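2 protein chains.
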Amino acid sequence: MEIIVHKAIQDEYPDDFAWCYGCGRLNEKGHHFRTGWHGEQTMTIFTPKPEHLALPGFVYGGLIASFVDCHGTGSASLALHRKNGHDVGEGAEPPRFVTASLKVDFVKPTPHGVALKALGTVHEIHPKKWKVETEVYADGELCARGEVVAVVMPSTFIK
Amino acid sequence: MEIIVHKAIQDEYPDDFAWCYGCGRLNEKGHHFRTGWHGEQTMTIFTPKPEHLALPGFVYGGLIASFVDCHGTGSASLALHRKNGHDVGEGAEPPRFVTASLKVDFVKPTPHGVALKALGTVHEIHPKKWKVETEVYADGELCARGEVVAVVMPSTFIK
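Chains as they are written, first to last, in the working numbering: chain A, 1 to 159; chain B, 160 to 318.
By construction, these hints were calculated from the structure, which means they are not laboratory data. A portion of the hints provided could be inaccurate.
Label-pair distances were calculated between CB atoms; the ranges are [claimed, not checked]:
1. Asp174(B) / Leu142(A): 27 to 33 Å
2. Lys287(B) / Asp87(A): 46 to 52 Å
3. Gly91(A) / Gly198(B): 51 to 57 Å
4. Leu26(A) / Lys288(B): 39 to 45 Å
5. Lys188(B) / Leu142(A): 23 to 29 Å
6. Gly198(B) / Gly89(A): 23 to 29 Å
7. Val311(B) / Asp139(A): 23 to 29 Å
8. Asp11(A) / Gly198(B): 44 to 50 Å
9. Lys288(B) / Pro50(A): 30 to 36 Å
10. Val311(B) / Gly113(A): 21 to 27 Å
11. Gly140(A) / Asp175(B): 44 to 50 Å
12. Asp87(A) / Glu252(B): 52 to 58 Å
Computed from a predicted structure; not experimentally measured. Yeah, the Cβ is synthetic: ideal placement off N, Cα and C, and Gly gets one too.
Starting from the given sequences, assemble the full structure and let the hints guide the process.
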């Protein structure tokens, strides 16, 4: 059974905030990571492209870091959106986050050629600062652990 | 004055290890990060492509994480290569590292449209495990701090 993300928070970011190389739906050359709820956890699914190699047969760590990064900001947005009383898909504009810090522990080499699944657990530090703990699986095996501290986008980001 | 990396460790990786999306010279679609000595520090220079956005005007954090990652493994390789009595460019095969962990603190939004410079300080933890502390500058301003723990590539990576 293929697992997919039906309702992704990134589908609802305003157009002005949809240019991210990792998760912006309007960035034609980007990865188009999409993050939604999966029970009480958050989930992002992505199949690396042929060029996303560390070595032939294994996925590039920087791609995994990117995956953890956008999964983290998307997860924080999902959680604050829910806390604000909204569900994804109802049309309310979700909050946008930026990454304050990113950490990835590479548990084992990540095989290339299969879908990666990120599962996130979101913790509120305070209303504008959230922590997302992520596990990245390939073919059911845990390959990386990540942690993102995401903060509500500051006005310095908005031109 | 333009600063460039003259002798990069990645130029000397064997062909079988030159496919990394971040720093492999043979990966046509990759970033081609190149890392060399800069005094007692290590240096990597990269100008993000137009699509490497977080928001219009600012660089994607996952790209910065990728930059810190390959800068880290390249720096560890430079340091062990030197410890082994070799200089870059003399033709000896350098040691190859993989990333055990990667951490990036985003100090401020990174402006898009200028070259990024990573400066690394390398610490030996033990002969097969090195830590690289990195500062990422854009236009002379510190935008991110990174830390990579790199280990000599284990045999599980070699097919």
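**Message:** Within 27 to 33 Å: is that where the Cβ-Cβ distance between Asp174(B) and Leu142(A) falls?
**Reply:** holds, 31 Å
**Range agreement (Cβ of Glu252(B) with Cβ of Asp87(A), hint 52 to 58 Å)** = Once the Cβ atoms are compared, 56 Å apart, the range 52 to 58 Å for Glu252(B) and Asp87(A) holds.
**Request:** Look at the Cβ atoms of Val311(B) and Gly113(A) and judge whether their distance stays inside 21 to 27 Å.
**Result:** For Val311(B) and Gly113(A) the Cβ distance comes to about 26 Å; the hint holds.
**Prompt:** Cβ-Cβ distance between Lys188(B) and Leu142(A): within 23 to 29 Å?
**Reply:** Given a distance of about 28 Å, which is inside 23 to 29 Å, the answer is holds.
**Item:** Outcome for the supplied range 39 to 45 Å, where the beta carbon pair is Leu26(A) and Lys288(B)
**Value:** holds, 42 Å
**Prompt:** Between Lys288(B) and Pro50(A), does the C-beta distance stay in 30 to 36 Å?
**Reply:** holds, 31 Å
**Asked** Do the beta carbons of Asp11(A) and Gly198(B) sit within 44 to 50 Å of each other?
**Response** holds, 48 Å
**Prompt:** Gly198(B) and Gly89(A), beta-carbon distance inside 23 to 29 Å?
**Reply:** violated, 54 Å
**Message:** Assuming the hint says 44 to 50 Å, is it satisfied by the Cβ distance from Gly140(A) to Asp175(B) or not?
**Reply:** violated, 28 Å
**Request:** Check the following: the C-beta atoms of Val311(B) and Asp139(A) are separated by a distance inside 23 to 29 Å.
**Result:** holds, 26 Å
**Asked** Lying within 46 to 52 Å: is that true of the beta-carbon distance Lys287(B) to Asp87(A)?
**Response** holds, 50 Å
**Prompt:** Is the hinted range of 51 to 57 Å satisfied by the C-beta distance from Gly91(A) to Gly198(B)?
**Reply:** holds, 56 Å
Checked against the numbered hints above, the structure breaks hints 6, 11 and satisfies the rest.
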